[in-house]
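Enquirer: Protein sequences, first through last, are from chains A and B. Take the first sequence: its position 264, counted from the start at 1, is 264 in the numbering used here, and no numbers get skipped. Take the second sequence: its position 353, counted from the start at 1, is 353 in the numbering used here, and no numbers get skipped.
None of these hints come from the bench; they were simulated from the model. Only a predicted model underlies this, so the values are computations on that prediction, with no experimental measurement involved. Keep in mind that a hint or two might mislead.
The list makes no distinction among identical chains, and a pair is therefore deemed to hold if it is satisfied within one copy or across any two copies.
Below are the DSBU-like pairs computed for lysine-lysine, each with C-alpha atoms no more than 35 Å apart in a straight line [to be verified]:
no., residue 1, residue 2
1, Lys18, Lys469
2, Lys116, Lys293
3, Lys293, Lys10
4, Lys310, Lys418
5, Lys310, Lys45
6, Lys177, Lys53
7, Lys328, Lys116
8, Lys469, Lys312
9, Lys139, Lys73
10, Lys119, Lys140
11, Lys45, Lys119
There are 2 protein chains.
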Amino acid sequence: MSQKREDFSKWYIDTIQKADLLDYTPVRGCIAFKPDGYELWEHIKEEMDSRFKETGHRNAYFPMLIPETFFQKEKDHIEGFSPELPWVTEAAGEKLEERLALRPTSETMIGHLYSKWIKSYRDLPVLINQWANVFRWEKKTLPFIRTSEFLWQEGHTAHVDEEDARKETMQMLNIYKEVVEGLLAIPVYDGEKTPSERFAGAVDTYSIEAMMKDGKAVQAGTSHYLGTKFAEAFDIKYLTRENKHENVHTTSWGTSTRLIGSVIMVHGDEQGLVLPPRIAPTQVVLIPVGPWKKNPAIIDKLDEIFVALKVKGIRVRLDDSDQSPGYKFNEWELKGVPVRIELGPRDLEGNQVMMKARDEREKLVVSLDTVVESIEKELNTMQTRLFEKAKAFLAENSHTHLDTIDQLNQHLADAEKKGHIPGWVLAGWCGDDACETNVKDKTKFTTRNIPFNPPQTKHTCINCGNEAKHTVWFARAY
Amino acid sequence: MSQKREDFSKWYIDTIQKADLLDYTPVRGCIAFKPDGYELWEHIKEEMDSRFKETGHRNAYFPMLIPETFFQKEKDHIEGFSPELPWVTEAAGEKLEERLALRPTSETMIGHLYSKWIKSYRDLPVLINQWANVFRWEKKTLPFIRTSEFLWQEGHTAHVDEEDARKETMQMLNIYKEVVEGLLAIPVYDGEKTPSERFAGAVDTYSIEAMMKDGKAVQAGTSHYLGTKFAEAFDIKYLTRENKHENVHTTSWGTSTRLIGSVIMVHGDEQGLVLPPRIAPTQVVLIPVGPWKKNPAIIDKLDEIFVALKVKGIRVRLDDSDQSPGYKFNEWELKGVPVRIELGPRDLEGNQVMMKARDEREKLVVSLDTVVESIEKELNTMQTRLFEKAKAFLAENSHTHLDTIDQLNQHLADAEKKGHIPGWVLAGWCGDDACETNVKDKTKFTTRNIPFNPPQTKHTCINCGNEAKHTVWFARAY
Ligand SMILES: [Zn+2]
Ligand SMILES: [Zn+2]
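Whenever a hint applies, use it, and build me the whole structure from the sequences.
Expert: Written as structure tokens, this is what we have:
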């Protein structure tokens with residue numbers, strides 16, 4: 001697969017289209033999630049939701065429309081979001097007195113309500129999550145990765161003090177890491193964002209960052225410690241055990257449908273989508289081959305396998321349409337179905353089927369006596385294999401030997417020449433905004449995060465050569 | 001409980017507030033669903049969603065913003081909805097070229113997309129559902145029942161012919177009936193809407209109608225046969241087996257968060273909320289009584305019961321806060337928790353607990369040896385009991401002996417005098433719009449539906465006395 005920029009974009013768009021995951025609409029940047037695209041989100045949602053509930057969170061739902069005055073209460077927040085807001089200005093034939101924004105995120109509405117809900121330390125912590133649609137009217141859009149309307153979850157919690165809020169911030173980042181690695185088979189680097197990349201209104205932002213096959217980064221989840229900023233802006237105070245009024249400390253954390261885009265860009269290949277078994281809408285497809293119509297025993301046997309898999313909770317399809325096997329193979333490969341089973345007259349005679357994993361070249365011969373167990377095992381193996389492959393790819397393209405901007409530029413030129421991806425670079429940073437900006441201007445590499453567990457510690461700033469305060473991942477990013 | 005109009009409204013608002021189900025916001029008619037309110041919706045959603053999937057439907061997600069021109073394609077549809085639409089007119093600092101409506105329902109956007117997705121009979125039926133927020137900027141709002149933004153599901157299907165589409169319309173109405181009766185313990189009358197009450201753009205609309213404790217009706221779910229109206233408006237054609245271009249026949253069907261309002265108004269009582277066990281966020285509350293703090297064995301025993309219930313998947317809470325038992329009893333009754341277990345020193349000595357069902361006056365003595373089984377049984381019994389009570393109430397207040405508008409007026413006057421609720425009236429209707437309108441103007445009774453299984457058949461029109469074409473339920477409605 002070509003990883004050159006234009007080629008990769010084209011591949012991404014084509015793959016999505018051929019896998020039938022979404023459609024475009026006449027509303028700028030707003031996409032329709034078709035059933036196979038939406039089901040990926042449903043599986044992500046189920047897994048996240050059960051983790052949130054296990055850790056004591058409950059779901060709620062807040063109004064989508066947010067009064068303009070709410071935004072103005074937190075200075076950084078309005079500065080960060082106002083360029084991207086769509087506004088409702090009229091309703092039911094009348095002009096509204098105050099414009100209402102379509103929520104880009106709900107800190108303000110929730111801040112307003114928490115100030116009514118929280119009275120005493122007995123009310124804390126408040127641990128609430130919301131599944132919702134949100135809007136950011138961005139100039140450049142890319143399916144799943146950056147759209148005007150998207151789906152997400154946003155957690156909003158309030159705590160008695162900084163320690164408790166910071167613990168929550170980290171707990172949720174860890175849940176994100178576990179779900180993205182475990183369910184989506186996408187390895188990530190977790191760490192802290194630099195100030196310039198922080199969420200508008202956060203004291204500290206933490207992220208998990210994933211590497212796409214073109215070497216660019218996707219921020220796959222963020223968790224923010226908001227300190228008392230929103231508490232001050234919205235007057236969210238509580239009475240302590242000692243009868244004093246204190247500001248609560250709040251957090252927020254989110255993941256979105258851009259995770260779907262990441263799955264495609266991490267696992268896909270020349271033949272199309274490759275889906276990790278745990279989120280695949282169809283995990284196994286059964287296809288009769290050879291002159292199967294003359295031999296009803298073939299469909300009978302496939303029906304039998306179908307039922308046996310179904311009973312085990314495996315998402316299986318039997319493709320008995322009139323198309324040729326070759327056509328079917330191609331179609332189900334485009335859709336990224338993890339395991340394909342072929343059964344023809346000769347296989348039946350030999351008491352066997354052919355099994356093909358989507359990400360492997362060779363077909364395997366599997367005995368009909370143990371076909372269900374073999375499929376189950378292959379689904380598990382493939383889930384692990386995809387993760388290990390992505391992990392190896394990440395390691396291979398994580399460069400830790402580039403310590404100056406000249407070395408980085410040389411690396412980029414070499415990569416360009418060889419047709420390699422530039423990957424990510426671990427480098428020192430003095431903490432000066434100007435150095436970060438200069439790296440960005442010269443190389444388009446931005447700071448991804450300051451990893452919690454860097455493979456090594458850097459001692460000099462990649463830009464100015466002064467002492468490094470932080471060891472940072474730099475990369476081009478979506 | 002007083003069923004007078006103002007008293008009932010006040011009771012409803014108070015009950016919701018005390019049960020902590022929602023909060024109001026500064027955005028007109030937009031409410032925040034608090035965790036206990038939202039969880040009711042989650043349980044409804046789970047049950048509906050699994051029924052939809054069992055019957056071959058898949059979820060998808062469509063853009064929330066709909067171009068103004070889309071609405072204008074179906075004449076009845078724009079007429080019906082335009083008075084209630086909120087509009088986005090600017091985004092990211094610029095005025096939009098075309099206004100975008102916040103969806104009140106998605107037939108138009110989906111019609112546009114189905115015309116791209118459907119090419120041949122092989123693509124049919126298309127069976128898609130969407131869970132989403134929708135907007136109707138209505139003048140009078142009432143929590144859960146009528147709000148500017150609400151949550152719902154909307155199914156949209158396309159079929160080769162009328163027969164198949166009508167089968168779908170009925171299938172979904174039946175699923176609604178089963179879920180509303182089985183899960184929410186609300187008995188309903190199913191039937192066809194009169195033309196004046198049809199969905200804007202439908203050929204036929206069917207509904208299930210539920211009776212609230214003040215005798216008013218709530219339309220609890222609707223299913224529409226749309227014929228080829230949207231196919232014509234959006235050019236949704238398919239190639240038949242015979243190679244001819246034909247219009248598809250479409251359906252749509254929806255239920256919303258107004259079901260939560262119905263649960264409250266059907267089962268609630270003077271002490272507050274009464275929740276059917278199957279949707280209660282907390283099904284069982286365990287409360288230590290007497291001098292329990294001096295006797296750790298009491299909390300130990302309650303912990304044991306807690307774990308045993310949890311293992312069975314029962315949603316249980318242990319209230320070991322410092323409040324008095326009386327305070328706790330009252331609080332959990334307000335929240336409608338189905339079963340309360342009390343355990344004090346004497347109970348422990350006697351190897352028993354006290355069990356109280358939310359809807360019964362008497363407490364029961366239950367042996368500690370079988371307490372989990374007793375609770376499980378009581379949850380089931382209560383679910384059935386609530387349904388039976390509501391069914392008796394519905395039957396009692398369904399009047400079938402009023403055949404003229406004079407008799408209806410007399411009945412209303414009598415009810416008013418006695419402080420009874422007017423209930424519903426089964427009456428004949430000649431089919432003339434003017435008769436329907438006259439009944440409405442004179443009595444505020446509107447046609448609810450033409451029941452599939454009327455308790456009897458009426459032969460004369462309640463208004464004009466001419467031959468009745470239909471036997472209809474008339475009622476005041478939310
Ligand atoms: Zn520097
Ligand atoms: Zn008449």
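Enquirer: Hint by hint, which ones does this structure get wrong, listed from lowest number up?
Expert: 1, 3, 4 and 8
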